[in-house]
Amino acid sequence: MNDQLDFMASRVTMGKMTRREFMGKAAALGVSAVVANSVFATAARAADPVRGGTIKLGSSGGESTNSHDPALTASEVPLSNIRHWGETLVEVDENGALDFRMAESVEASADAKTWTFKIRKGVDFSNGKTMSADDVLKTMQRHSNEDSQSGALGIMRGIENMKVDGDNFVVELGTANADLPYLMADYHLMIQPGGGMDNPAEGVGTGPYTIEFDEPGVRHGYKLNPNYWDADNRGFAEFSEVLVLNDATARTAALQSGQVHLINRVDPKVAGLLDRAPTLSVRSAAGRGHYVFIMHIDTAPFDKNELRLALKYAINRQEMVDKILRGYGSIGNDMPINASYPLFDASIPQRNYDAAKAAEHYKASGHDGSPIILRVSDGAFPGAVDAAALFQQSAQAAGIPLEIKREPNDGYWSEVWNKQPFCASYWGGRPVQDQMYSTAYLSTADWNDTRWKRDDFDAMLLAARGELDEAKRKDIYSKMGQMLRDEGGLILPMFNDFVSGVANNVGGWIDDPNGEMMNNKANIKCWVEA
Amino acid sequence: MHPVLKLVAQRLSLGLLLLFFASILIFAGTTILPGDVAQSILGQSATPEALANLREELGMNDPAITRYFNWLGGVLQGDLGTALTNGRDIAESLGTRFKNTIFLAFWAAVVAVPLAIFLGLLAVRYRDRWPDKLISAVTLASISIPEFLIGYVLMYFVSVKLGWFPSVSMINDTMTLGQKLNAIALPVMVLTLVVLAHMMRMTRAAILNVMQSAYVETAELKGLSGLDVIRKHAFPNAIAPIVNVVMLNLAYLVVGVVVIEVVFVYPGMGQYLVDHVSKRDVPVVQACGLIFAAVYIGLNIIADIVSILSNPRLRHPK
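Chain order of the listed sequences is A and B.
Per this note's numbering, residue 110 is the first one in the first sequence, and the count goes up by one each step.
Per this note's numbering, residue -11 is the first one in the second sequence, and the count goes up by one each step.
No lab work stands behind these hints, which were simulated from the structure alone.
Note that CB positions come from ideal geometry on N, CA and C, so glycine has one too.
Treat the hints with care, as some may be off.
[As the list claims (entries may be wrong)] Simulated crosslink set (BS3-like; lysine-lysine; CA at most 30 Å straight-line):
#	chain 1	residue 1	chain 2	residue 2
1	A	LYS378	B	LYS168
2	A	LYS222	A	LYS581
3	A	LYS514	A	LYS413
4	A	LYS332	B	LYS210
5	A	LYS472	A	LYS528
6	A	LYS378	A	LYS514
7	B	LYS87	B	LYS168
8	A	LYS332	B	LYS87
9	A	LYS466	A	LYS562
[Said to hold, decoys possible] Some chain A residues near chain B, calculated using beta-carbon distances under 10 Å:
#	residue
10	SER173
11	SER257
12	ASP356
13	ALA498
Hey, can you work out the whole structure from these sequences and the hints?
See below:
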């Protein structure tokens, strides 16, 4: 009984159980109300951050080729790494609101073309230098100048001019963008001393931790920065470690045997079983990432909208969520936006599996009946090969022949994705609709992986970008979403949740739709109880 | 020159030549893989400008032949260069990984080799009786199960359920020898199970072969006990094939354990190599490839030399 009570108390501490539930269940165990009340109080008090100790994350997505250069950051372990020592101008919090970090506030001109970030004063880098607007400017220059190798180059392109004005950092845009502050939350844009021009992988920033040891592909260790400016909210553990555990079974075993406190990417197949273990819980956060099948709409046979519609009706979305994601996700509607985005229009009708309609559109497309080749690899998204097989079956029922061509994981992103006309892919989602559409659906986007090039769509996107009236913006986004849904080359069966394993002695966990592991901030925002 | 010294010199120079060819093969292999290092580093978020800038900085615009000879020149001067992907000194990061690989291989061998030979001798002694059959059945079963599965099963029972040894075998320089041995206990167990059968069966077969000889019958007739016959007369004559198979397995323990490294998160060379192959980081792949090839060739040379030395007919050629 005591174990049970301890377990329930830990649920309270984690905010997973309310007082009412706790008292009810405690009564069922035969515990008197007085005792139950005091246990509840102790557990709830423990929700205050505990300082000290070591918090350990077991994370997939780390390689011995990783570096601390934020410009080259692309996988989960480096993402968690740079969050330890660095901070951006602003962040997007779990509710989609701006959280001001190196900027104190931001102001836009009336035309949304000039944005002035007021830089926070009295913040020191971990090397002792004081962070200034000049460092911010140099950082942004490093990510946008002509020698830039940065993954953020694409989002920096709309910026016409940047300058320092006293303690302010000023961005001038060619075309209005109401979402500019959200772009500055991009994880590549960690503010570094001198912009990190000399030594980008040094790991010096304004974050709560400094590097203690650094063994890429094995483990990364951090020590608390005693001078951290926001110690009330971040940096509770004295030490923090990120262990590279790429193997899914190794991760769950490490969490179960207590060698780590947190693990990312719990395989949906085992999540239900793992959650039954008494010392931990599985947390699932609805996100914006989506598993997709993409068609190049400028390549036969996908240049016919009837065929695209046929394929969209021929996929069984619910079955995919049930079998591929095991319920850890939600169905998609052939547009890359879901309810996790601000200004989402929930009234757009949901497209469902309809073999009759699929057959009808297939017939109308006049396709010659030869098999349509779909290229997949498990590197596209976990379970992609199985998802393709389900798609093949449901399409077969509508009389549409699909042929699955399995490609190697290795080189999938360079050789198949964005090259072959029909393949499986994955998108991580963005904080706002504008960024998602600009990244992959604008005519000039670098990663326009469906070859969606429509002037009317581009015009709507630009109009929405400069529109400060939210109702009007929402309306434009709704039209854009429906246009993609009905004519685009995107088949979007499901949005995946971020499924993580969290030990019961970890406090401060919140479900964050922006990314895995509380948008990679679990180590710096959670604490470990003794 | 002494014939044995001459032989060693011959073998060594052949080995060096082989290494040179191996390096060409590795370079060609990694070069013809689809995609290049710049593309792999930037992944899905690569823009054409960023790609061009990165290629320029990494010297990817030089022709492949130039890059190969630049690399070869460096190696001949003892400079393995720096990794393209994260700019680290290859000799330094590889050194740590190599040390770890050797550490694991050494302790696995310390357990597995004597155990295999002892079990082999035991199997011969109780030939066709139940100990022989039991030993064969168990070792053959363990070699037939995929090693990652043995790993997972041991991990579940020994680490998660019983909590005896950690499931994550991450070792580092700040640990004491005892802590390190505790950390690698599970991978050593799995590797032992994997290599046991091959060596045990070969020992058994080699000794049984010798046991058919007339001089063993003589030994038996003069009244030696079963194990004495094996120890004094059969084993010395069976040493060549046994050493051969032991060396093959030692080479496997060094170069072939990437699956075990992944399962137990052991910071050895296997995973290091795989990471760099998938990023097309040619200098690192070359360096790892050379080391693996050198280990393989070196152990085979040792096996050859030992079998020659153990055989008087080969030791004193007419």
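Straight-line alpha-carbon gap LYS466 of chain A to LYS562 of chain A, limit 30 Å: holds, 27 Å
Can the restraint linking LYS332 of chain A and LYS87 of chain B be considered satisfied, given a maximum Cα separation of 30 Å? Given pair LYS332 of chain A, LYS87 of chain B holds - Cα atoms ~27 Å apart, limit 30 Å.
Mind checking the alpha carbons of LYS222 of chain A and LYS581 of chain A for me, to see if they're no more than 30 Å apart? Within the cut-off at roughly 19 Å; holds.
Does LYS514 of chain A lie within 30 Å of LYS378 of chain A when you go C-alpha to C-alpha? Satisfied, since the Cα-Cα distance of roughly 24 Å is no more than 30 Å.
Is LYS472 of chain A close enough to LYS528 of chain A, meaning Cα to Cα at most 30 Å? holds, 27 Å
Verify the interface restraint on ASP356 of chain A: the C-beta must sit less than 10 Å from at least one C-beta of chain B. This hint holds: ASP356 of chain A lies near chain B, its Cβ roughly 5 Å from the closest one there, short of 10 Å.
Restraint status (C-alpha distance of LYS378 of chain A to LYS168 of chain B at most 30 Å): violated, 33 Å
Tell me if the straight-line CA distance from LYS514 of chain A to LYS413 of chain A falls inside 30 Å. holds, 22 Å
If you draw a straight line from the CA of LYS332 of chain A to the CA of LYS210 of chain B, is it 30 Å or shorter? Roughly 74 Å between the alpha carbons, so the hint for LYS332 of chain A and LYS210 of chain B is violated.
Hint validation: ALA498 of chain A versus chain B, beta carbon distance must be below 10 Å. Holds or violated? violated, 24 Å
Restraint outcome when SER173 of chain A is required to lie within 10 Å of chain B by C-beta distance: This interface hint holds because 4 Å falls under the 10 Å limit.
Keeping to a limit of 30 Å between CA atoms, is the pair of LYS87 of chain B and LYS168 of chain B held or broken? OK: LYS87 of chain B and LYS168 of chain B at ~13 Å, within 30 Å.
Against the hints set out earlier in the document, violations occur for numbers 1, 4 and 13.
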